[in-house]
Amino acid sequence: MVAQIWRQIAARRLTITFLLLGLIILLFIFVPLLKMVFSSSPSLLFDTLLEGEVRSAIWLTLYTALLATAVGLLLGVPLAYFLARHRFPGKRFVEALIDVPIVVPHTAAGVALLFVFGQNFLAGKAFHSIGIDFVSAVPGIVIAMLFVSVPFLIDSAKQGFEKVDVRLEKVARTLGASPWQAFFRVSLPLCWRSIFAGSVMMWARGISEFGAVLILAYHPMIAPILVYERLEEYGLDYALPVASLLIIICLLIFIGLRSIAYRGERA
Amino acid sequence: MIEIKNLAVNLGTFLLEDINLSIEPGEYFIILGPTGAGKTILLESIAGLHPIKSGEIWLNGREVTKLEAEKRGIGFVYQDYALFPHLSVKGNLLFGLKQKRRSKGERQLIVEWVTGLLGVSHLLERNPSTLSGGERQKVALARALSISPQVLLLDEPLSALDPHAREGVQQELRQIHHRLKATIVHVTHDFEEAIALGDRIAVLSEGRILQVGTPEQIFRQPNSEFVARFAMSRNIFAGEVRDADDGHATITIEGLKLDVVTELRGKLHASLRPEDILISQEPLRSSARNCLRGTITHINDRGSTLYLTVSTPLDFICLLTRRSFEEMGLRVGEEVHVTFKASAIHVF
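Those protein sequences? They're chains A and B, same order as listed. Under the working numbering, think of the first position of the first sequence as 1, with each following residue one higher. Under the working numbering, think of the first position of the second sequence as 1001, with each following residue one higher.
Calculated from the structure, these hints are not laboratory results. Incorrect hints may appear among the rest.
What the hints assert, rightly or not - Covered by chain A, according to a simulated footprint, are these stretches of chain B (three or more residues, beta-carbon under 8 Å):
1. 1039-1053
2. 1063-1070
3. 1081-1088
4. 1228-1239
Unchecked claim - Here are the computed distance ranges between Cβ atoms for each label pair:
5. B:Ser1233 - A:Thr17: 17 to 27 Å
6. B:Gln1221 - A:Leu97: 53 to 63 Å
7. A:Arg12 - B:Arg1174: 53 to 63 Å
8. A:Glu95 - B:Arg1229: 41 to 51 Å
Glycine included, each C-beta is placed from N, C-alpha and C at the ideal position.
Next up, chain B with everything else stripped away, as it sits in the complex:
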């Protein structure tokens, strides 16, 4: 586990201050924050790559504040992979093992194990420059795991990937976490990524931690503008995706069944943009698959637009222009219908 007490790091141009975190063994911990919040610096400080001004870092009950990076046993993965370009994939994977003076047989076994784990055995002889983004990230993960790290630190591991590869690597991360019971600290600016993967989330802004909690807590009671603005712009639900009778997919959220379009199955999350929801006073006959009846419980006036909360009883935040709102003469307590396409729901 990782314990960070009153950590301060001063890099001249940037300041981390008053960082207190306690990350449990086997936890998938997310550090969420906008660009320039100091996420990478925090992660690199945990790895021992920056001199620390004050405070303490403890790793599995041992103080490592002043311990050199090479002795901490921390696996690190960067956004743009940082594979050694002068070494083959195999050379990259052997780098740490040679450094740790493992025997030849042992090295062979570990390389086989990590490449098997990440499904990159066929890439061993390749040069990193010939790999796709997803492949590079898997190799970078395999390299970090090769030293059997106490903790895995991931710096925006999905940000440089295209959406398809991102889904693959995200799945890989979940599996690694599950199978190895690894403690993972994952830095991201992407809210959906944070919710999809994190057991807990810490929100970092301008070098300070604003909030720590479960995805649910962070999302429902945000205390930072960064999170609040995101929360306002998305409906986010936790649910379970299953095959429906007709072969399509449905997600069940608190007993409510919605049609979705996705290949994924299992306990997942769904997001829906407020502007993708139609509000009507009569039920709509349209091609949209999801139509629900609910009551307006809250109106948030934003000038030319308004955010309506409609309880079905699941709460949906819907965006309306002032003109539509006035023409329909909507009020709190009024019954309306909310309609949205199955494809408007993003499952992650």
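One chain only, chain A, in its complex shape:
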């Protein structure tokens, strides 16, 4: 009997080992998050939410990340489409380049951006002349978020466009659609789920950005920087409710958007 059980276990050694290893990493992700969410009492969380500084930081985070995503959609989706439809020498290099922001330390990314968008540098000067400044300003937060998060959108959209059969566009052309109309009436509707999923990832990544924003725009303060500042200035007890609140809000938004994308997938 025992021998039989052992044999069964032995036969599933691989499955069991992988399951156990997987369980460790799942706990590693879950436990800190859960502990964080439940470590502050609901009343404390509510009080924290009523603080003007906290509310404005969270609001600023959400909408700058949204702005960054909007810019990403406008400029990244066309690039994704171009990459999905064309072959050219150096394409691999371009594709690798797009993913570089994911791998560089984000403080370094912030410094790099400063070197272009700072007031004494080329793009900084050009934008300054039309009244847009980046350092310690909302546009700085947006470009910092854009830089580190747009690869998620471009990659996801590119994969989506690659799955759309080119022949569908060709048929659309023969049916009287211009290249633009073929894109908007065929390719885009067929790819929207990938673009939407990429946008959600990009937005979420933007909300969570700290390093690059820290360098470009410590003020106005976004939520991750507020958490950092409270930890530095007042200690863990003050940082915790803000951090919990941020995690809860992100989770709710993320779950909500994921379920929209999932519903689309089933339809």
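Keeping the supplied structure of chain A fixed, place chain B upon it in accordance with the hints.
Frame of chain A; chain B shown alone:
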């Protein structure tokens, strides 16, 4: 009509060169070639989907070489249908009509007309993914016809279908051609399909046209190995299938009556593989329905096998192993019997 003069298309990895074709109005024109010959590229070039390196394309007396695809008024059907998966059947059929800014009433009329023509009216609300292969291909045809195209281009329209659906769609194509007097250019790698449907055939290989002619000419005097090899491997005849007195079918080929097994009737083609024919010196008593007497007129020695041409006087190409050939001691001029089953004849 379509006139193609010295067309060259360079896609980097593939080259079409020196293409000259003149397709008559109302003609059913076949472009036949093996996989990778450049058939699809030629068809897409006619539709305006590839930049052209040199040469000209004329459509009904108007040069369209540089005209955008959306302005050419060409109906296009792909092998795997290419129906828009995010639209219903009706949405697919309306796509071109909305693009051409037809009025609502007009759109309604045209949709009714094409769905009636192809017998797909009952599918209008369905999603393309729920349709069978044959249904999808009919919808794709209906969609191409919805814009009242000057020319219909078909890229391997039957290849993805199972044999039963293929027969149905083939019949549909014949009818459309007949009823609409449509000019059709149909690309295929299937010789039987080409013979069954084509008024004329162009043989394309490695980006060049090797031969243009009627099915008969292409088949009897092939100048390409692709066609010759096919011609060698099949006996192909044109004939008429009728009901025999006993309810079975017979095909009459140049006065010769053969038993066949088929549901089809009318002016059709029949093919018979050389390996399905038995050769004997005495008449055979067997279950095979067709037994004819003829004379060996030609022997083509292929080493371990030989192809014999037996004139009855209709010429049959028969395949024999060297061993049988030697044991029977066959010679040119000798009288033999050819025997084959009714079911060995493929009618198409």
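- Violations among the numbered hints, reported as their numbers in ascending order: Failing hints, ascending: 4, 5.
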